[in-house]
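Colleague: Residue numbers (this note's numbering), protein chains in the order written: chain A, 242 to 505; chain B, -10 to 299; chain C, -9 to 480.
Derived by calculation from the structure, the hints in this document are not laboratory data.
Remember, it's a predicted structure, so these values are computed and weren't measured experimentally.
C-beta atoms are modelled at their ideal positions from N, C-alpha and C, and glycine is treated no differently.
Watch out, some of these pointers could steer you wrong.
Unchecked claim - Negatives, chain B to chain C, calculated, CB over 10 Å:
no., residue
1, 57
2, 82
3, 118
Claimed, not checked - Derived Cβ-Cβ restraints for the label pairs, each shown as a range:
no., chain 1, residue 1, chain 2, residue 2, range
4, C, 78, B, -8, 53 to 59 Å
5, B, 173, A, 268, 43 to 49 Å
6, A, 296, C, 244, 42 to 48 Å
7, B, -6, C, 91, 35 to 41 Å
8, B, 164, C, 422, 18 to 24 Å
9, A, 415, C, 51, 36 to 42 Å
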Amino acid sequence: MLLTLSDVEVAYGAVTALRGVSLQVAEGEIVTLLGANGAGKTTTLRTISGLLRPRSGEVHLDGRPLSSIPAHGLVGAGVSHVPEGRRVFPSMSVRENLLMGAYHDRRHARADLERVVALFPRLAERIGQAGGTLSGGEQQMLAIGRALMSRPRLILLDEPSMGLAPMIVQTIFQVIAEINREGVAVLLVEQNAASALRIAGRGYVLETGRVVLADTAAGLLADDRVRQAYLGEDVADGEDEPAPARGGAAAGPAHGTAIRADSA
Amino acid sequence: MGFLDQFWQLTIDGLMVGSLYAVIALGYTLVYGVLQLINFAHSEVFMLGSFGGLFAARGLLPDDGSVPGGLASVGLVAVGLGVGAICGGLAAFTLERVAYRPLRRRSAPRLAYLISAIGASLFAVNLAGKEFGRQNVDLPDLFHNGTVFSFFGADVSTQSLVIFAVAVAMLIGLDRLVAGTRLGQGIRAVAQDADTAVLMGVNVERIIIVTFVIGGLLAGAGGFLYAMTFNASYSMGFVPGVKAFTAAVLGGIGNVRGAMLGGLLLGLVESYGGYLFQASYKDVIAFLVLVAILMIRPSGLLGERLGRAA
Amino acid sequence: MSAPPAGQPGPGGQPGPGGAATVPLRTSGNPPGSVDASGSAGSSGSAGGPARPGWHPAVLFTPARLRQLGVLLLVGVLAAIVTGPTGNSDKPLQAAKDSIADVRIVLYLGLAVALWVVLVLGAELRGALERVSAPVRAPIGAAYGRRGGPIVLNLVLLAIAIVAPLVVSTAAQQSMVNDIGIYALLALGLNVVVGYAGLLDLGYIAFFAIGAYTTAYFTSQTAMPWHAPFVLNPFFVFPIALVLAALAGVILGAPTLRLRGDYLAIVTLGFGEIIHLVANNADNITNGARGAFGVPHLSIDLLGIDYKWGIDPLPYYYLLVVIVVGVMIAFGRLERSRIGRSWAAIREDEIAAEATGVATLRMKLLAFAIGASVSGFAGVLFASKQFFNPQSFSLQASFFVVAVVIFGGMGSRLGVVVGAVVLQGLAFYLRDKVPPADRYIYFGAVIVIMMIFRPQGLVPSRRRRREIQLAEEGIGAADSLGVAPTGGQQ
Chain A
242 MLLTLSDVEV AYGAVTALRG VSLQVAEGEI VTLLGANGAG KTTTLRTISG
292 LLRPRSGEVH LDGRPLSSIP AHGLVGAGVS HVPEGRRVFP SMSVRENLLM
342 GAYHDRRHAR ADLERVVALF PRLAERIGQA GGTLSGGEQQ MLAIGRALMS
392 RPRLILLDEP SMGLAPMIVQ TIFQVIAEIN REGVAVLLVE QNAASALRIA
442 GRGYVLETGR VVLADTAAGL LADDRVRQAY LGEDVADGED EPAPARGGAA
492 AGPAHGTAIR ADSA
Chain B
-10 MGFLDQFWQL TIDGLMVGSL YAVIALGYTL VYGVLQLINF AHSEVFMLGS
40 FGGLFAARGL LPDDGSVPGG LASVGLVAVG LGVGAICGGL AAFTLERVAY
90 RPLRRRSAPR LAYLISAIGA SLFAVNLAGK EFGRQNVDLP DLFHNGTVFS
140 FFGADVSTQS LVIFAVAVAM LIGLDRLVAG TRLGQGIRAV AQDADTAVLM
190 GVNVERIIIV TFVIGGLLAG AGGFLYAMTF NASYSMGFVP GVKAFTAAVL
240 GGIGNVRGAM LGGLLLGLVE SYGGYLFQAS YKDVIAFLVL VAILMIRPSG
290 LLGERLGRAA
Chain C
-9 MSAPPAGQPG PGGQPGPGGA ATVPLRTSGN PPGSVDASGS AGSSGSAGGP
41 ARPGWHPAVL FTPARLRQLG VLLLVGVLAA IVTGPTGNSD KPLQAAKDSI
91 ADVRIVLYLG LAVALWVVLV LGAELRGALE RVSAPVRAPI GAAYGRRGGP
141 IVLNLVLLAI AIVAPLVVST AAQQSMVNDI GIYALLALGL NVVVGYAGLL
191 DLGYIAFFAI GAYTTAYFTS QTAMPWHAPF VLNPFFVFPI ALVLAALAGV
241 ILGAPTLRLR GDYLAIVTLG FGEIIHLVAN NADNITNGAR GAFGVPHLSI
291 DLLGIDYKWG IDPLPYYYLL VVIVVGVMIA FGRLERSRIG RSWAAIREDE
341 IAAEATGVAT LRMKLLAFAI GASVSGFAGV LFASKQFFNP QSFSLQASFF
391 VVAVVIFGGM GSRLGVVVGA VVLQGLAFYL RDKVPPADRY IYFGAVIVIM
441 MIFRPQGLVP SRRRRREIQL AEEGIGAADS LGVAPTGGQQ
């Protein structure tokens, strides 16, 4: 197994964000992580890439515990993280941003630069422009391209479609599928559950720091609870007004949970 | 003599002092760039480097009090610069480890850093005063006051030429380092977005300490150059420190080229102002410039480029 | 006592170890068991936590432990140099060499090793220490917890303050006025700026100078070349100095408070230096470096009361006690008022404060002006009490007030007064033992050590301690200087 999280708990001070998350990503697959705001999706990714340290539980990469690798050593171990909100270096040029992706190992930088630019022709046009002046979609392409520069085996994508026009979202998802075809495993965090499940093989649903559902993408797409909470479909069981209170765990997330804004 | 007669002399003096302010200012700007933090104790790094270089050079002077001149003097300057830089680098390293790192480890609030730096500064100044005495220490003019050439009636001495040349060489060297090397790439990445820099494989802790040390090397070498023209004393750091800080803000704090421009400009303003007003209030001019920039254009002349875009 | 801090919506009721909620436990005289349970999650500064279970001598020799020992030995060498002989510039390294070659080095290195052993065994010792100190701390804690308890405790402290000068030498009495009393007042004022508003003023002593020179201007025809055409009783100068200092604070603060907080620090630093420079150089206004001689003592002749303060320090001391207690009470009310709550809001989250209608800029300016006016007020007392020259208003004096506030505990009124007592007491104690200027080496070290190990100060304010703790966990802020610097959380 490429990546394994076993019973990971993460806290921000007194606030617990992850309460025992376990998940796995195998070589070469696309796994999506669904959940409402504050469910702990970003926290999960930040924990995998070492920006946060679990209070308990372990993260393993190729069976090796990640706690032995410092956060900045993770790129070298083959994990690339495209953070939420893209986070391109605003006053570096597109080229410099891409080269940052090859910071830990510059041997293949030149060849990889050409490969990435071929994947995103828009970046070629903007190669000398400052990262901060790009449009949102271009920044997302740049962030993904930058992550590819490190030749990852696993790429962590945090809401790549956030705030982008539908056309561009489509392009981004096509690119993700293409990256995956080249053998890179993808752990994809998305609000846009429909698109994510279309390209993913499997998925997990997080809710207030716990994995509440784990299934194949097809299974999740067919699941009433997922369709109701994350795909915005009315489920034909006569429940016009979703109850604001949460039912039992089996009853699944109601709308009230899905739209609850949490601070974590 | 009127201002116009003195204009070129004042310009040359101003540029020389300004180039030193620029060298010290780089330390403020680099650290500000990566930590968004004013390193209040940087002036003490400058002071310690200055003492180190000065004592090394004095130690090599012949006992009879004569000054070698010529190539031997160039050697002395090189030794002084080297030892000064090493002392400055060591001081900056120690400062970061003792006064800042423990606070960073527990992400202390900003106020704590300023206060810790003041404590470190107080400690260093007075310890230096105790160890090295509280009088001014100086170095004889190593170049026999030789005038290289005259420029519109202004004399340019070998010493000021050497100082200016070395300072400018350091400025260019640092600019190249930040713009064109992997280390510079790392520094800029941390300055713009430290979290993302980690994701790119940048060892932020190392970049921070290296940044402090680079600032210390420059301040130490600059300190020696400063002591060559003026003198060194335990309390020498404060005034050039505040001026260099002013220079950094003037150019746009966090911006390497801004610090250079700011330093040279401040040197000129102070040189002209000191002539036009009263020399003893020369130091006040820098403060007035600082307050004026903060009120009119707090992001500085060239903007805060190395740092976060804000 | 152990209630979780307000404003923590936390997704569950799970208490969890090492949270902010455990902090109040540690000082409230709880049974030792619970203290151990809370652990040292907040203070993860020490390398490698104390390994309690399965303790074995081998834990002494982990790399982290050995590194710790190395650091302590270096500190020991430094301490030997600091306390060693004074050098000069002809032989720059001689003094340090002599310090290290001296036998005293053995003492310092021994102390370093001893301290290391104490740290290593800290886990064992902490329990024992708590057990020993519990009987002492419990009644104090209980007294504080009970209604009216703080009042009783404060009355005891006040009684000590009243009796203390009667049992010490005249030199110590002088110091209790000039150093402790005046600095307690100064620290209370700076506490409004640093502790309440979360700003840093490094030129604080400049307002003190304004107060002192204002007094000289109005009360004496001879103290300075520049004087008022009439002579006022020093008591009438109090309001004038108050207003002038506050005005200077507003003029200085208004343009800079808009900017990042650390700029304020450096601008005030510059201001302090300018005032010092002017006082020192303007011979025909301030009498320059010679200082102002012959400012009359305080005197009162009103409603049949006719009293003159004189060279005897005791009357000044009691006047200062009255003023300090008055200011403490007044600032206590201020802290709990709407204004005090605004300051707290600004410290913890300036943007949220602004959004909820706190006029942040005005509130910061107010804190700055109040601090300045207290400093000006203290300046009048100082000028009437004794001769002064610009040396009294040096940069180091400003730093010293900052040190007092930090050491005592920013935001804590009792804390800053205790800070003044302890630090000035230390200064008094060191006065014959080391050259005066060398004392600042110790003060500098105290500031750094406090920031590393106890940023909340000796007698912390409960609220400030909680803020610092939370801010370090990434929740909210504890000052008004913007986001915390890069780093940590690796």
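Colleague: Hint by hint, say whether it matches the structure.
Modeller: Structure-based check of each hint:
Taking the minimum C-beta to C-beta distance to chain C, about 20 Å, the non-interface status of residue 57 of chain B holds against the 10 Å cut. At the 10 Å boundary, the C-beta of residue 82 of chain B stays outside the reach of chain C, the nearest C-beta of that chain being 13 Å off. For residue 118 of chain B, the shortest C-beta to C-beta distance to chain C comes to about 6 Å, within the 10 Å cut-off, and the non-interface label is violated. Hint check: residue 78 of chain C to residue -8 of chain B, Cβ distance near 42 Å, so the stated range 53 to 59 Å is violated.
Take residue 173 of chain B and residue 268 of chain A: their Cβ atoms lie about 36 Å apart, and the range 43 to 49 Å is violated. As the Cβ distance of residue 296 of chain A to residue 244 of chain C is approximately 46 Å, the hint placing it in 42 to 48 Å holds. At about 58 Å, the CB distance of residue -6 of chain B to residue 91 of chain C disagrees with the hint of 35 to 41 Å. At roughly 53 Å, the beta-carbon separation of residue 164 of chain B and residue 422 of chain C lies outside the given 18 to 24 Å, and the hint is violated.
As the Cβ distance of residue 415 of chain A to residue 51 of chain C is approximately 58 Å, the hint placing it in 36 to 42 Å is violated.
In the structure shown, a violation is registered for the earlier hints numbered 3, 4, 5, 7, 8, 9, in ascending order.
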